[in-house]
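Chemist: One point on numbering: in the working numbering, the residue at position 28 of the sequence shown is 53, and numbering is uninterrupted.
Rather than coming from a laboratory, the hints here were simulated on the basis of the structure.
Treat the hints with care, since some could be wrong.
SDA-like cross-link-like pairs, simulated, lysine to any residue; straight-line CA separation at most 20 Å [what the hints assert, rightly or not]:
#, residue 1, residue 2
1, Lys49, Ala59
2, Lys89, Val37
3, Lys135, Ile241
4, Lys56, Asp69
5, Lys89, Ser31
6, Lys225, Phe211
7, Lys49, Ala81
8, Lys190, Ile241
9, Lys135, Ala249
10, Lys190, Asn201
11, Lys58, Leu47
12, Lys135, Leu206
13, Lys136, Asn236
14, Lys89, Leu48
15, Lys56, Tyr77
16, Lys39, Pro65
17, Lys225, Phe126
18, Lys136, Ile197
19, Lys39, Ala59
20, Lys136, His238
21, Lys39, Glu71
22, Lys141, Asn201
23, Lys194, Lys135
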Amino acid sequence: SADVFSDILIDVLKPDGDIPALLKDIAASVKLKAANENDPLNSDLEKILTLYIEQANGDFQRFKLLIEAWYNETMERVGGWYKRQANRILIGIGLCLAIAFNVSTIDVAKKLSYDKDARTALVSNATEYVKNHIDKVKPAVISNTATSIADTTFDALRSKLDSMKEFYKNNIAEANTTLGLGWGNFGTTDTTVVLPWYEKLWYIIRQTLSNPHYWIGFLITAFAISLGAPFWFD
Numbered sequence: 026s027a028d029v030f031s032d033i034l035i036d037v038l039k040p041d042g043d044i045p046a047l048l049k050d051i052a053a054s055v056k057l058k059a060a061n062e063n064d065p066l067n068s069d070l071e072k073i074l075t076l077y078i079e080q081a082n083g084d085f086q087r088f089k090l091l092i093e094a095w096y097n098e099t100m101e102r103v104g105g106w107y108k109r110q111a112n113r114i115l116i117g118i119g120l121c122l123a124i125a126f127n128v129s130t131i132d133v134a135k136k137l138s139y140d141k142d143a144r145t146a147l148v149s150n151a152t153e154y155v156k157n158h159i160d161k162v163k164p165a166v167i168s169n170t171a172t173s174i175a176d177t178t179f180d181a182l183r184s185k186l187d188s189m190k191e192f193y194k195n196n197i198a199e200a201n202t203t204l205g206l207g208w209g210n211f212g213t214t215d216t217t218v219v220l221p222w223y224e225k226l227w228y229i230i231r232q233t234l235s236n237p238h239y240w241i242g243f244l245i246t247a248f249a250i251s252l253g254a255p256f257w258f259d
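Given the sequences, and given the hints that come with them, work out the whole structure.
Modeler: Structure, rendered in structure tokens:
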């Protein structure tokens with residue numbers, strides 16, 4: 026907090042830790058630290074502190090308040106920078122996920138709007154899942170968290186991976202098929218052929234760039250992902 030920061034900074038600047046801090050002593054200490062050849066004070070910090078000492082005009086409490094206001098303003102700017110950086114990264118991750126799994130918001134909305142069978146199947150799947158799992162959700166989350174902390178052996182991790190695959194197969198794969206998510210066989214009619222990764226990537230890029238509704242839908246999905254889990258849970 027700002028008051029703790031100002032207390033620590035003033036304590037560092039005091040010439041002697043055993044005596045009460047006076048502004049004139051702090052001003053002298055700042056000059057001494059700035060002139061120290063072995064460990065000189067940062068020049069920008071020296072200018073800021075000198076400016077605040079002059080503005081305080083001998084009032085120690087005013088000097089303390091000026092430091093706290095400076096700290097709060099700096100932290101606000103850093104927080105804003107951090108949020109912008111995090112948002113850019115989240116949008117990038119969201120875009121990669123949307124393209125990799127072919128999750129276009131426009132296509133999903135269109136599918137659910139016009140395909141009554143798909144809509145009914147999706148609602149039915151969701152209802153069935155909630156009915157079967159509503160009493161198990163909270164205990165399962167707690168026990169899984171506890172287990173993951175305590176047991177990290179190879180066999181335990183393999184067991185968790187298998188359970189995740191099973192969960193995907195039983196609960197997610199059908200919904201993905203209903204909504205038409207994923208890239209299928211990447212344009213090949215022969216399901217036995219396994220394409221190399223670069224051919225799959227080229228197919229995805231070609232499909233995305235040749236269909237405007239794809240990349241617009243992907244951008245919407247990426248933006249939705251960038252809002253973060255807390256937004257959607259709340």
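Chemist: Compare the structure with each hint and give your call.
Modeler: Hint check:
1. Lys49 - Ala59: Holds - the C-alpha atoms of Ala59 and Lys49 are around 16 Å apart, at most 20 Å.
2. Lys89 - Val37: Roughly 13 Å between the alpha carbons, so the hint for Lys89 and Val37 holds.
3. Lys135 - Ile241: The given pair, whose Cα atoms are some 13 Å apart, holds under the 20 Å limit.
4. Lys56 - Asp69: holds, 13 Å
5. Lys89 - Ser31: At roughly 6 Å apart (the allowed maximum being 20 Å), Ser31 and Lys89 satisfy the hint.
6. Lys225 - Phe211: Holds - the C-alpha atoms of Phe211 and Lys225 are around 6 Å apart, at most 20 Å.
7. Lys49 - Ala81: Distance ~11 Å between Lys49 and Ala81 Cα, so the pair holds.
8. Lys190 - Ile241: The hint is violated at about 30 Å.
9. Lys135 - Ala249: Roughly 17 Å between the alpha carbons, so the hint for Lys135 and Ala249 holds.
10. Lys190 - Asn201: With Cα atoms ~14 Å apart, Lys190 and Asn201 stay inside 20 Å; holds.
11. Lys58 - Leu47: Roughly 17 Å between the alpha carbons, so the hint for Lys58 and Leu47 holds.
12. Lys135 - Leu206: Given that 20 Å is the threshold and the Cα spacing comes to 13 Å, the pair holds.
13. Lys136 - Asn236: holds, 16 Å
14. Lys89 - Leu48: Between Lys89 and Leu48 the Cα gap is close to 10 Å, so the pair holds against 20 Å.
15. Lys56 - Tyr77: Holds, at roughly 14 Å.
16. Lys39 - Pro65: Holds: Lys39 and Pro65 sit about 16 Å apart, inside 20 Å.
17. Lys225 - Phe126: Holds - the C-alpha atoms of Phe126 and Lys225 are around 12 Å apart, at most 20 Å.
18. Lys136 - Ile197: holds, 17 Å
19. Lys39 - Ala59: Judged against 20 Å, a Cα distance of about 14 Å means the pair holds.
20. Lys136 - His238: holds, 13 Å
21. Lys39 - Glu71: Roughly 14 Å separates the two Cα atoms, so the pair holds.
22. Lys141 - Asn201: holds, 16 Å
23. Lys194 - Lys135: violated, 25 Å
Consistency with the previously given hints fails for numbers 8 and 23, ordered from lowest to highest.
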